[in-house]
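Undergrad: Guided by the hints, dock chain L onto chain S, whose structure is given.
For reference, the chains in residue letters:
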Amino acid sequence: MSSIDFSWLIGGPQGSGVESGANVFSKVCAELGYQVFGKREFHSNIKGEHSYFTVRISDQLIHSNVNDVTLMISFDAETIFRHYDEVLSGGGIIYDSDLEKITTDSVHTLDNFFRERLHKELETKNKPFTIAGVLEIAKEKGVHLFPVSFKNILANLAEETENPRLKNMVRMFNVIGVSLSLGLIKMPPKSLLESIDSIFYKKPQIAEINKLAANYSYNYATSTFIDFPFTLPGIEKQSDTILVQGHQGTSIGKMVSGCRFQSYYPITPASDESVFLESHEILEINNDRPGSTIVIQTEDEISAMGMMIGSALTGTRSSTSTSGPGFALMAEAIGWAGMNEVPIVLTLYQRSGPSTGLPTRHGQDDLLFAVAGSFGDFPKIVYASGDIEESFYDTGRCFNYSDVYQLPVIHMMDKFLSSSVVTCKMFDPQKITINRGKLLDKIEGEYKRFALTTDGISPRSSLGLDNGIFWNTGDESDEYGHITEDPQMRIKMMDKRMSKLDLILKQVPVEEQIVSNGIHDYTIISWGSTKGPILDALKTLKKEGIEIGFIQVKMIHPFPEEIVKSLIKNVKTIIDIEANHSGQLGKIFKQNVAREIDYFILKYSGRGMTSTEIYDSLKKILQNKANKREVLEHGA
Amino acid sequence: MALKLADYKTTVHNDWCPGCGDFGIVNALQMALAEMGIERDKAAIFSGIGCSGKTSHFINTYGIHTLHGRVLTFAQGGKLANPEMTVVAVGGDGDGLGIGAGHFVAAGRRNIDMTYIIFDNGVYGLTKGQASPTLRLGEKTKSLPSPNTNFNVNPIGLAVASGFTFVARAYSYDVRHLKDLIVKAVQHKGLSFLDVLQPCPTYNDINTRDWYAGEDLAKEAADRHSRIYKLEETHFDPVVHYDDDTEVNEKLAQALIKSLEWGNKIPTGIFYKNETISPFSARLTDKIPNYLENPPAKQKISKDSLPITDVSKLLDSLKV
Chain S
1 MSSIDFSWLI GGPQGSGVES GANVFSKVCA ELGYQVFGKR EFHSNIKGEH SYFTVRISDQ
61 LIHSNVNDVT LMISFDAETI FRHYDEVLSG GGIIYDSDLE KITTDSVHTL DNFFRERLHK
121 ELETKNKPFT IAGVLEIAKE KGVHLFPVSF KNILANLAEE TENPRLKNMV RMFNVIGVSL
181 SLGLIKMPPK SLLESIDSIF YKKPQIAEIN KLAANYSYNY ATSTFIDFPF TLPGIEKQSD
241 TILVQGHQGT SIGKMVSGCR FQSYYPITPA SDESVFLESH EILEINNDRP GSTIVIQTED
301 EISAMGMMIG SALTGTRSST STSGPGFALM AEAIGWAGMN EVPIVLTLYQ RSGPSTGLPT
361 RHGQDDLLFA VAGSFGDFPK IVYASGDIEE SFYDTGRCFN YSDVYQLPVI HMMDKFLSSS
421 VVTCKMFDPQ KITINRGKLL DKIEGEYKRF ALTTDGISPR SSLGLDNGIF WNTGDESDEY
481 GHITEDPQMR IKMMDKRMSK LDLILKQVPV EEQIVSNGIH DYTIISWGST KGPILDALKT
541 LKKEGIEIGF IQVKMIHPFP EEIVKSLIKN VKTIIDIEAN HSGQLGKIFK QNVAREIDYF
601 ILKYSGRGMT STEIYDSLKK ILQNKANKRE VLEHGA
Chain L
1 MALKLADYKT TVHNDWCPGC GDFGIVNALQ MALAEMGIER DKAAIFSGIG CSGKTSHFIN
61 TYGIHTLHGR VLTFAQGGKL ANPEMTVVAV GGDGDGLGIG AGHFVAAGRR NIDMTYIIFD
121 NGVYGLTKGQ ASPTLRLGEK TKSLPSPNTN FNVNPIGLAV ASGFTFVARA YSYDVRHLKD
181 LIVKAVQHKG LSFLDVLQPC PTYNDINTRD WYAGEDLAKE AADRHSRIYK LEETHFDPVV
241 HYDDDTEVNE KLAQALIKSL EWGNKIPTGI FYKNETISPF SARLTDKIPN YLENPPAKQK
301 ISKDSLPITD VSKLLDSLKV
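From first to last, the protein sequence lines stand for chains S and L. Under our numbering, the first residue of the first sequence carries the number 1, and numbering increases by one thereafter. Under our numbering, the first residue of the second sequence carries the number 1, and numbering increases by one thereafter.
Keep in mind that the hints were calculated from the coordinates and are not lab data. C-beta: ideal position from N, C-alpha, C; glycine also. Hints are not guaranteed to be accurate.
[As the list claims (entries may be wrong)] Here are the simulated distance ranges between beta carbons:
hint	chain 1	residue 1	chain 2	residue 2	range
1	L	Lys189	S	Lys590	56 to 66 Å
2	S	Gly48	L	Lys128	51 to 61 Å
3	S	Lys190	L	Glu84	52 to 62 Å
4	L	Gly102	S	Met489	29 to 39 Å
5	L	Ser278	S	Gly48	37 to 47 Å
6	L	Ser278	S	Asp105	51 to 61 Å
7	S	Met489	L	Ile257	49 to 59 Å
8	S	Ile443	L	Ile257	42 to 52 Å
9	S	Asp288	L	Glu84	11 to 21 Å
10	L	Ala221	S	Phe375	50 to 60 Å
11	L	Thr285	S	Asp288	13 to 23 Å
12	S	Pro354	L	Lys189	43 to 53 Å
13	S	Pro188	L	Ser317	53 to 63 Å
14	S	Ile443	L	Asp286	27 to 37 Å
Same shape as in the complex, but just chain S (with noise of 0.2 Å):
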């Protein structure tokens, strides 16, 4: 069975609608049957700069990106100077023709690293430093170009509409682009234009001229465009299936669980989820009046967690997002929650550190600060999210988590997950439980918040609760919550604390804290976003007759330290792969298993993995080629 692997790549300046066009086409893809698997990558920077969308699309579950690029649509220069090496022999570059003659050296945003790599390989291939120059490297090795003039596209368009104003609509290059791309590919226009009419259902005018300009473009690009050797004409269509943006993941979780409360500060590539809410935030209850979620856009992160601890203490579940750095300002009060058992979601979507580090792009450097962040011993949850599927029903898990052990919990996600654009199996939320744990809701009696009990576990008031009152301090307290400094009750409480690590290794059920995809010989322990790259590489490789184990780890703290070890007991390698330089789980795995890793396969250029890229890395391991430390360097 030949199965469809195709990858589209759009680039331009920020703020040239890249996005957009990368929408219009992920949709019209999904519409037509096929799976989908986008990421955008982009620049901290506003508009100017080169951004670009990668949408990979397939007749079979995808979890990630390849390295190859099948079919690139570029209106400026740069995106063609930065990405003409990606397009694979027999694929094809749709470009602006007015673009042939532009020097290298006239992109102002190319910057000098690059430009002096770009430099040395065209002298060496003896081209000039233009476009034509390039685009004449990607010929030599098997690409098909397709020039078409974007200007000359507007202007045909005006004069046959006869609207003159046509000519000058650069904005709607992303579509024209678009367009092109699905006349090429033979798709059916139908959808696109329905994605048009859907993206600006509130301008119906402007949605018109862009149906215009797709509608010319796609039949310029049927018409004009020959030998192209793929066509996707689309396929039956899955019922199930939902194209979802990174964040909504853990957004439209949080709604389901029932969080009524978010308190966060902006910061890349967390807030899109808190707006979300925000837009979101009156919600329909079944068989009841509305409720609603209260998003607070905050003065700076420690006013985010302490706003979200002081809804908590209501009884309201509540959370925050944010990123590495709004995270580190979290820290003393995260302890404060620990301390105070305040059930609490913290969800954490990192980026490259450290401080300002690559603030628009991916990392998964913050665990081991995560697991460690804040002083004191307290118990806390760190749990991983896989994709973005998963995080929806991880979102519930981790609201229950923090009700019944009542303490932080901080679910970490990552850039890669919330840049990403994907078709997975719609959400089911019946499939979320919501478990309260001991809040009460009801008091008679004296009233202790912090009871020792023989669980560690207390019932648990609620600020307003009728005879419910306790006394919270972040000094070490009594059961009353009133300050102590008495060493019996010291240790009483410490223990009592401490203990809940160990109730949640044993009552957590062992496949939420991981997920085992099989061990072999070789086998792979890994956590978070680089889950989709590690499962379609290790699908390549079964298709050649080679198993490799994975491991994904889910529950990072506490450590299911005997779970792990009985699973890799006859694993003879144990490979670590992970987007950060240290190899941050390695850490951790090491430190409660006692073993050693063998290999490590690391990515920290700031760009998310592709299948490829794990794929040759575990070639080399499994040929004995490889270093210790495996480097990834793929992406632009």
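TA: Quick look at chain L alone, frame taken from chain S:
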């Protein structure tokens, strides 16, 4: 059964220094709660860190002793999620105007219906008397190695500039007046701020009880007068009577000018009161009409352990 003052007291041992101005504040707060008859389990005292942070443990209502500088953040979260609570936040001047100054300003902008009381003594007592934000430039309290090198924050001025809609000052040894102001502050619709001058007998040897009483002002006892006076006993009118820029600006400017008065005459009482500014709950209600009847803390989220939030429309819109 009517609640008595004693009902608002806990049995927790109070370890403040003898003669500490904090006693007056905690007493006044308990008296105010009793006078208003606020149910104990419908009130929450949030406190910061420092001597004043212990306040919440002495009051028999919900008591949340938070982090240094962060008391307003916790308190606002609690009030937003359960607006039926009476929320009072307390903390020192270092807590609120030093480490927590950003939250002070942001809280003013929100105008959430609660009260913030600063225990203002010019020193960091619990760390042995370093200069705090309200200590004046060049002053040297007894444990400072050299005179204070920073200009002082003006709490009243900062509060009116930040958007607090009720701004007042009290003196901790005038407990009755302080209690009256706390009652007015709590009853105010919006964010109220009370700056309470509070001698630290151990570390602030400048702004002492005697100093506030004017002991140093004249040789003869008969000629002495307290530095403290009450604005309500003057012709000062702090209230914004109608929603008009000129009226608001005049009252703001007047409060600021009055707040600069210091030295031999120190005003207490209400500096500024403006109920024409919408409290935050009204701003939320504009977006979420049933917010006050069905706030986060009251919402049902599950039935038989299953979620009851209906996101089917949202999910349908994602369907391909």
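Undergrad: Now look at each hint and say whether the structure bears it out.
TA: Results for each hint:
1. For the pair Lys189 (chain L) and Lys590 (chain S), the beta carbons lie near 59 Å from each other, so the given range of 56 to 66 Å is met.
2. The hinted window of 51 to 61 Å between Gly48 (chain S) and Lys128 (chain L) holds, with their beta carbons roughly 54 Å apart.
3. The hinted range of 52 to 62 Å is satisfied by Lys190 (chain S) and Glu84 (chain L), whose Cβ atoms lie roughly 54 Å apart.
4. In this structure the hint that Gly102 (chain L) and Met489 (chain S) lie 29 to 39 Å apart at CB holds, the actual value being about 35 Å.
5. A beta carbon spacing of about 40 Å between Ser278 (chain L) and Gly48 (chain S) agrees with the range 37 to 47 Å that was offered as a hint.
6. The beta-carbon spacing between Ser278 (chain L) and Asp105 (chain S), approximately 56 Å, falls within the hinted interval of 51 to 61 Å.
7. Between Met489 (chain S) and Ile257 (chain L), the C-beta spacing of about 52 Å keeps the proposed range 49 to 59 Å intact.
8. For Ile443 (chain S) and Ile257 (chain L), the hinted distance range of 42 to 52 Å is satisfied, since their beta carbons lie about 51 Å from each other.
9. Between Asp288 (chain S) and Glu84 (chain L) the beta carbons are some 19 Å apart, a value that agrees with the proposed interval 11 to 21 Å.
10. A beta carbon spacing of about 54 Å between Ala221 (chain L) and Phe375 (chain S) agrees with the range 50 to 60 Å that was offered as a hint.
11. Here the CB-CB span from Thr285 (chain L) to Asp288 (chain S) is close to 19 Å, well matched to the stated 13 to 23 Å.
12. The supplied range of 43 to 53 Å is met by Pro354 (chain S) and Lys189 (chain L), whose beta-carbon atoms lie about 46 Å from each other.
13. Separated by about 22 Å at the C-beta atoms, Pro188 (chain S) and Ser317 (chain L) break the suggested range of 53 to 63 Å.
14. One distance hint, 27 to 37 Å for the beta-carbon pair Ile443 (chain S) and Asp286 (chain L), holds here, with the actual separation near 35 Å.
Comparing the model with each earlier hint shows a violation of hint 13 alone; every other hint is respected.
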